[in-house]
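Q: Please build the complete structure, drawing on both the sequences and the hints.
If you want the building blocks of each chain, they are given just below.
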Amino acid sequence: MVTGPEDGPVVMLAHGFGCDQNLWRLVAPTLAKDFRMVLFDHVGAGRSDLSAWQAERYATLDGYADDVLRICRELELRHVVFVGHSVSAMIGVLAAIREPGRFSKLILVGPSPCYIDDDGYRGGFSRADIDELLDSLDSNYLGWSAAMAPVIMGNPERPELAEELASSFCRTDPAIARAFARTTFLSDNRADLPKVTVPTLILQCSRDAIAPAEVGAFVHAAIPGSALVTLTATGHCPQLSAPDATLAAIASFVCGPP
Amino acid sequence: MSGPGSSGGGGLGEGDQRPDAHLASLLEDSTEDLYENAPCGYLSTLPDGQIARVNATLLSWLGYTRGELVGHRYFSDLLTAGGRLYHETHFAPLLAMQGEIGGVALELLAADGSRLPVLVNSAVKTSAAGEPLLIRTTIVDATDRRAYERELLRARREADLERERLQLLVTTLQRTLLPPELPDVPGLETAAYYHAASRDEVGGDFYDLFALARDRWGLFLGDVCGKGAAAAAVTSQIRYTLRAAAVYDPDPATVLGTLNSALRRDYERNGGRFCTAAFGVLTPSTDGFDLSFASGGHPAPLLLRADGTADYQEIGGGPFLGVIDDAVFSSTTIRLGAGDTFLQYTDGLTEARTGNGRDRYGDQALQAFAAGIAPATAATAINAISALLEGLGNGLDDDVAVLALSVPPSPGDSDGRPRLVDGERP
Numbered sequence: 001m002v003t004g005p006e007d008g009p010v011v012m013l014a015h016g017f018g019c020d021q022n023l024w025r026l027v028a029p030t031l032a033k034d035f036r037m038v039l040f041d042h043v044g045a046g047r048s049d050l051s052a053w054q055a056e057r058y059a060t061l062d063g064y065a066d067d068v069l070r071i072c073r074e075l076e077l078r079h080v081v082f083v084g085h086s087v088s089a090m091i092g093v094l095a096a097i098r099e100p101g102r103f104s105k106l107i108l109v110g111p112s113p114c115y116i117d118d119d120g121y122r123g124g125f126s127r128a129d130i131d132e133l134l135d136s137l138d139s140n141y142l143g144w145s146a147a148m149a150p151v152i153m154g155n156p157e158r159p160e161l162a163e164e165l166a167s168s169f170c171r172t173d174p175a176i177a178r179a180f181a182r183t184t185f186l187s188d189n190r191a192d193l194p195k196v197t198v199p200t201l202i203l204q205c206s207r208d209a210i211a212p213a214e215v216g217a218f219v220h221a222a223i224p225g226s227a228l229v230t231l232t233a234t235g236h237c238p239q240l241s242a243p244d245a246t247l248a249a250i251a252s253f254v255c256g257p258p
Numbered sequence: 001m002s003g004p005g006s007s008g009g010g011g012l013g014e015g016d017q018r019p020d021a022h023l024a025s026l027l028e029d030s031t032e033d034l035y036e037n038a039p040c041g042y043l044s045t046l047p048d049g050q051i052a053r054v055n056a057t058l059l060s061w062l063g064y065t066r067g068e069l070v071g072h073r074y075f076s077d078l079l080t081a082g083g084r085l086y087h088e089t090h091f092a093p094l095l096a097m098q099g100e101i102g103g104v105a106l107e108l109l110a111a112d113g114s115r116l117p118v119l120v121n122s123a124v125k126t127s128a129a130g131e132p133l134l135i136r137t138t139i140v141d142a143t144d145r146r147a148y149e150r151e152l153l154r155a156r157r158e159a160d161l162e163r164e165r166l167q168l169l170v171t172t173l174q175r176t177l178l179p180p181e182l183p184d185v186p187g188l189e190t191a192a193y194y195h196a197a198s199r200d201e202v203g204g205d206f207y208d209l210f211a212l213a214r215d216r217w218g219l220f221l222g223d224v225c226g227k228g229a230a231a232a233a234v235t236s237q238i239r240y241t242l243r244a245a246a247v248y249d250p251d252p253a254t255v256l257g258t259l260n261s262a263l264r265r266d267y268e269r270n271g272g273r274f275c276t277a278a279f280g281v282l283t284p285s286t287d288g289f290d291l292s293f294a295s296g297g298h299p300a301p302l303l304l305r306a307d308g309t310a311d312y313q314e315i316g317g318g319p320f321l322g323v324i325d326d327a328v329f330s331s332t333t334i335r336l337g338a339g340d341t342f343l344q345y346t347d348g349l350t351e352a353r354t355g356n357g358r359d360r361y362g363d364q365a366l367q368a369f370a371a372g373i374a375p376a377t378a379a380t381a382i383n384a385i386s387a388l389l390e391g392l393g394n395g396l397d398d399d400v401a402v403l404a405l406s407v408p409p410s411p412g413d414s415d416g417r418p419r420l421v422d423g424e425r426p
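The listed protein sequences derive, respectively, from chains A and B.
Numbered according to this note's numbering, the first sequence spans residues 1 to 258.
Numbered according to this note's numbering, the second sequence spans residues 1 to 426.
FYI, nobody ran anything at the bench for these hints, they're computed from the structure.
Among the hints, erroneous ones may be present.
[Stated by the list, open to error] Beta-carbon label-pair distances, calculated as ranges:
no., chain 1, residue 1, chain 2, residue 2, range
1, B, Ala129, A, Thr232, 12 to 22 Å
2, B, Ala230, A, Ala59, 39 to 49 Å
3, B, Gly362, A, Ala59, 47 to 57 Å
[Stated by the list, open to error] Okay, the calculated bits of chain A under chain B, using three or more residues with CB under 8 Å as the criterion:
no., segment
4, 5-18
5, 22-29
6, 205-216
7, 231-244
Note that the Cβ used here is the ideal one computed from N, Cα and C, for glycine as well.
A: This is how it looks when you write it as structure tokens:
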């Protein structure tokens, strides 16, 4: 979806794992007053064409980064300010490394280059924690209890069953969501951060269970010349829990010096 | 509820006060007690998740004191690591956007580290101005339910596995009933197509093309009534009977007569199964092939001529095979000249439903289609028919077998039309 003035700076909003472009609903309309807004659903999420999803292509974040670049090419976007939430922060990092000329700025909301603790690095989760998430998503023990129904009935001839049960927001195909969770939480993009040449802002929440403050500090230190702003916001979605502060931070960075 | 004194008079009586009195006697007069000791957990948090109030039921389930949770812990602190990730990526965003969320399966961590499977419902309480004030959450013990779900999942996985095994078995069995590839017949192009209507059942259609002697080939195509393992066993019997009978006496009418006798003999054991079949013997002629041909209840074959016409071939015919004793069949000779294509098929093709109604594709449509593609080689005819069948989509609900034989056109044919010479098989 493209909204906002045609001559405004292009701001592309990318949602993370778990939801779709609805996640931006509290900030996008205001941003659209001044900026050319580009919103999209990753393949497999929201209203995207589920048939376009391929297990192999989306087994790494490169597949998603490639989609971002395709959208830019298709819409002939230049000087894009890419705003990536959660896993889309790293998707934006990968896209900006591949085609730095395409992007004028990066805004990373709650980024984490690696969720799993590693020698001297604290991502916030152990491998066992992540495995538990993936296992429970595989078995659907976690999440929508209603999601059990299509898994058990599993009737591909009657997709409307799953359709009815799914939430009106953030519709996701359970199988695709599981694969996306795997791609997201097993990714490790720490080595990519120093390759970013585009001016970058990190928006960190003060209390975020998924991307803790020290992970934000790690990203800030690893991306040359990056800026870090900490929002007084609890949770992983400041665009929902602190929309005004998020809005202000995005707008001032977009309008700030190149 | 009707009081003991109600006489069904219809008007308001003195008994109408009694239900309230009755309810009051239940002693459910303390909402505080109802909250604390409800048969579900109650939890209220600030919008950021900090626990503000919790009921006694939940505290006893989790083994915490009120002081350990209220003002100190967040809702997500009570979740497993996987649950926390789910909470942050799905639960909290959806709750913020929708104002409520229900039927979410999570596991709570008790003070002793044990896990309690629960179903969670949350709703946001807002101020008059719409500002979120609190998140109210009810928690239902789902231990039993989770066990049922696990069992259903296990059963489902087992069923999927069984289905895969069945489909593998069906595919393998189907393959044994069809020739892996058609043999080389010098001076003839051959092609075949098989569509199985179901992945779960072996189809009842069959065909074959095989060498009988150095310059003689047998071919057959047919349709056993029914599907599945029992029909497949009969198909297997038909195949070896036809092949063996043709070696003994290659006259097609005699071969079909032998098959009829064999099917009659085993009629009971075969569950009363019968079939339609067409049988032919190919021998080279001066400018092509002679096809001696007989049919038992099978649709007439089509001949696509070098001149672009297509006609059904009149075959003497005979009854279904395996239905009556001493059935009589007759052989006819069809001459295949340069550029001619012989096409035999099963009725799944002409019986396919077209459009939304119950209309069938039909013999006339097939003839017109054949005339449209004539002259054609065996391969182009089969390609065209497989495309036609694909186009019929769900209307195609039966198995279909098609066998095509074509004599390559000779350059400078009688109609004078330029024609590509398809390479003869070496």
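Q: Which hints from the list above does the structure break, by number from lowest to highest?
A: Of the numbered hints given earlier, the structure breaks none, since each of them holds.
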